[in-house]
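Peer 1: Chains as they are written, first to last, in the numbering used here: chain A, 1 to 369; chain B, 370 to 738.
Mixed in with the good hints there might be a few duds.
[Unchecked claim] Some but not every residue of chain A turned toward chain B, in silico, with C-beta under 7 Å: (1) Met-49; (2) Met-105; (3) Arg-269; (4) Leu-272; (5) Gly-300; (6) Thr-301; (7) Ala-302; (8) Glu-305; (9) Asp-307.
[What the hints assert, rightly or not] Okay, derived cross-link-like pairs now, DSS-like style, lysine-lysine, Cα gap no bigger than 30 Å in a straight line: (10) B:Lys-471 with A:Lys-255; (11) A:Lys-310 with B:Lys-471; (12) A:Lys-261 with B:Lys-471; (13) A:Lys-102 with A:Lys-80; (14) B:Lys-473 with A:Lys-313; (15) B:Lys-449 with A:Lys-102.
If you're looking for bench data, these hints aren't it; they were derived computationally from the structure.
Only a predicted model underlies this, so the values are computations on that prediction, with no experimental measurement involved.
Built from N, CA and C at the ideal position, the CB exists for glycine as well.
Number of protein chains: 2
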Amino acid sequence: MIFHCQQNEIVNAINTGIKAISTRTTMPILECFYLEASNDELKITSNNMELGIKTTIPARVEESGTVCLNAKMLSDIIHKLPDEMIRFNINDSFMAVISCGKIKMTIGGQSGDDYPLLTEIEREKCITISSLGLKDIIRQTIFSISDNETTKVLTGEHFEINGDELRVSACDTHRIAIRKMQLKESYDAVDVVIPGKSLIELNKILESDAEKNVNLFVTNNTVMFEMDNTIILSRLIEAKYLNINQMISNDFETKIVVNKKKLYDCLDRATLFARESERKPIIFNIYDERMALNMNSTIGTADDELDIEKEGKNLMIGFNPKFFIDVIRAIDDEEITIYMTNQKAPCYIRSNDGSYNYLVLPVQFNASV
Amino acid sequence: MIFHCQQNEIVNAINTGIKAISTRTTMPILECFYLEASNDELKITSNNMELGIKTTIPARVEESGTVCLNAKMLSDIIHKLPDEMIRFNINDSFMAVISCGKIKMTIGGQSGDDYPLLTEIEREKCITISSLGLKDIIRQTIFSISDNETTKVLTGEHFEINGDELRVSACDTHRIAIRKMQLKESYDAVDVVIPGKSLIELNKILESDAEKNVNLFVTNNTVMFEMDNTIILSRLIEAKYLNINQMISNDFETKIVVNKKKLYDCLDRATLFARESERKPIIFNIYDERMALNMNSTIGTADDELDIEKEGKNLMIGFNPKFFIDVIRAIDDEEITIYMTNQKAPCYIRSNDGSYNYLVLPVQFNASV
Chain A
1 MIFHCQQNEI VNAINTGIKA ISTRTTMPIL ECFYLEASND ELKITSNNME LGIKTTIPAR
61 VEESGTVCLN AKMLSDIIHK LPDEMIRFNI NDSFMAVISC GKIKMTIGGQ SGDDYPLLTE
121 IEREKCITIS SLGLKDIIRQ TIFSISDNET TKVLTGEHFE INGDELRVSA CDTHRIAIRK
181 MQLKESYDAV DVVIPGKSLI ELNKILESDA EKNVNLFVTN NTVMFEMDNT IILSRLIEAK
241 YLNINQMISN DFETKIVVNK KKLYDCLDRA TLFARESERK PIIFNIYDER MALNMNSTIG
301 TADDELDIEK EGKNLMIGFN PKFFIDVIRA IDDEEITIYM TNQKAPCYIR SNDGSYNYLV
361 LPVQFNASV
Chain B
370 MIFHCQQNEI VNAINTGIKA ISTRTTMPIL ECFYLEASND ELKITSNNME LGIKTTIPAR
430 VEESGTVCLN AKMLSDIIHK LPDEMIRFNI NDSFMAVISC GKIKMTIGGQ SGDDYPLLTE
490 IEREKCITIS SLGLKDIIRQ TIFSISDNET TKVLTGEHFE INGDELRVSA CDTHRIAIRK
550 MQLKESYDAV DVVIPGKSLI ELNKILESDA EKNVNLFVTN NTVMFEMDNT IILSRLIEAK
610 YLNINQMISN DFETKIVVNK KKLYDCLDRA TLFARESERK PIIFNIYDER MALNMNSTIG
670 TADDELDIEK EGKNLMIGFN PKFFIDVIRA IDDEEITIYM TNQKAPCYIR SNDGSYNYLV
730 LPVQFNASV
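In isolation and in its complexed conformation, chain A is listed as follows:
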């Protein structure tokens, strides 16, 4: 197996592919890239058995073949070579000589025959989403997935397409994040749960480019994202997602509008005094056109006051400041609107145009403190 590639093209393919390389695995071959050279192309594949990535780059192939090379070692070597043509020569014992000018690096590889190849799915019913849009909608919801593997379905995100609307939802036991996005065309209904871990890696690969598109293909158990020279395959979580609509209410007794940046700074300071072991809430004391904020832990006390626009009743309510910070980071608006009912009922941060709706459960607190 002999082929030549431009260094910067292999670097890009490696930087993408490494996102699906297992670091802790009982199958050592999953620590490798699978390289396939043929027909003026090099295909680089990685697969952690949940997420798989295949990137195709141009190559001058002298002798076709396949080989598995340790991903980290190959990445380190290629990154340290100059941006010139690189020659790969892999012999029958899978010794790989990687050379560039007078530089010659030799590492041992293994047969590609045992590698668990990706099974591409049929390219029918293509759904097109802007790369930036998909990247944003993942970032704006992914923090709400559960990390508790006992309820597997909550470790994923619910992707629903109805007509020309994509709705992405994530939820754990304390909060819900829902984002909607308009697609350019209408499609047949889609209702799948994509593993959060796959989306986190996909998000790193997606370009922040509104002009670029990603093509989505879905089957019963797999989703495939196709972009430029890369395809990304993820298993689906084959379970019915919760009926989130049942948990959402539009009723409220207190509605406030507050400057996002100022609220963020308050919460950020208050978290200095939040200790995981104490689970102390930050208390919002809403009265008239003001909101006093108080956090009181064994480390110290933080007090602050913000101007707000208020509608409805005065209210004193406690929250885990981290949950609120996560939501604020996901919102690009300058002001946010918060809907509350009482000390125990869910609180909603939602936009007027329905593009987002975040639910945060309040935390009980001892009002006498």
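Use these hints to put chain B onto chain A, whose structure you have.
Peer 2: Below, chain B alone, put in the same frame as chain A:
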């Protein structure tokens, strides 16, 4: 104790002072800053019993006093406050209320009475060094200090002043770094050993500004660095330094001149295959106007070849690539000159003007490999 300070001025003082805060200490008070407010000034002191730092900033003092506040907590709070005037109000039980506009943060402090204050040394015999020059000379030698506490004197750097020349030396069992620097004036002889840890922190604080000066004051057991509004005190290692001159030779049998960047890239790639446990050397094979480099470990093999200018005999010699990389990083010249004698004798990388001289011991290798 009540005083007011500008946020950015306390931030700067804290960022400097935190370099002398102990994280692992049996004396909890060393995790604190000592704050002293009086006469329109706030003094912030930190002291890890080897290194001490005191910074003075302007303050509006309503009520003088002293207090100890946890350094990390104070730093976190101040960094998260807006750049405005900050009010400190510390009551008789050392509860500190730090406020800024409507923001109020309260933390517990402790009495300043038990704090091990710094003893400033007499400001006689002032030695003036440019801040950039001192920063450079530390960076260019500090990597050669020993981390083995059993030979305490080698964990420090030897600072010698003779006339208008400052010479700084560092050495462990495998290498020596010597740098010389011209001072603007002549001074009485100085011969001290400054702890490496103190110099590493000093280096972080020194400004990269050739126009700025640092004043040095030395006693038998202490060195004091004075700059702008900050003084830094370090204990000295009270021991005689090795006679390094005895170990240095100007004889050689092979002299080569090589492009620094190209040699660096070679060594950097070879280290990919260097494992601590194997201690495999990189072998320089010098013949005619070429140098072949080879590293051969259980991970892989790296080969390369560089053009050189050579004087003297051909030679095959092995080195720990890391030691060579450290030296190359400390040299700003485009080309370096390497003087060698045989496979076992020390190798020198030195400048023609005598401003630097680095010794690296070769590593034995099995030539048959």
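Peer 1: Next step is simple, just say for each hint if it's right about the structure.
Peer 2: Now for the hints, and whether the structure bears them out:
Checking Met-49 (chain A) against chain B by beta carbon gives a least distance of about 26 Å; that is not within 7 Å, so the hint is violated. Using the Cβ-Cβ criterion of 7 Å, the hint placing Met-105 (chain A) at the interface with chain B is satisfied: the shortest such distance is roughly 5 Å. Restraint check, Arg-269 (chain A) versus chain B: the minimum CB separation of about 5 Å is within 7 Å; hint holds. Hint on Leu-272 (chain A) holds. Least Cβ distance to chain B is approximately 5 Å, under the 7 Å limit.
Annotation: interface hint on Gly-300 (chain A) holds; nearest CB of chain B at approximately 4 Å, less than 7 Å. Because the beta carbon of Thr-301 (chain A) sits about 4 Å from the nearest beta carbon in chain B, less than 7 Å, this interface hint is met. Annotation: Ala-302 (chain A) was flagged as interfacial toward chain B, and the flag holds, the nearest CB pair being 5 Å apart, inside 7 Å. Hint status for Glu-305 (chain A): holds, given a least beta-carbon distance of 4 Å to chain B, under 7 Å.
Taking 7 Å as the C-beta contact cut-off toward chain B, the hint placing Asp-307 (chain A) at the interface is violated, the least distance being around 10 Å. Taking the CA atoms of Lys-471 (chain B) and Lys-255 (chain A), the gap is near 23 Å; set against the 30 Å cutoff, the hint holds. The hinted pair formed by Lys-310 (chain A) and Lys-471 (chain B) meets the criterion: a straight-line CA distance of about 20 Å does not exceed 30 Å. Distance restraint check for Lys-261 (chain A) and Lys-471 (chain B): the Cα-Cα separation of roughly 15 Å lies within the 30 Å cut-off, and the hinted pair is therefore satisfied.
With a CA separation close to 14 Å, the supplied pair Lys-102 (chain A) and Lys-80 (chain A) stays within the 30 Å bound. For the hint pairing Lys-473 (chain B) with Lys-313 (chain A), the CA-to-CA distance comes to about 26 Å; that is within 30 Å, so the pair holds. A C-alpha spacing of about 53 Å is found between Lys-449 (chain B) and Lys-102 (chain A), which places the hinted pair above 30 Å, so the restraint is violated.
Violated hints for the displayed structure, listed by number in ascending order: 1, 9 and 15.
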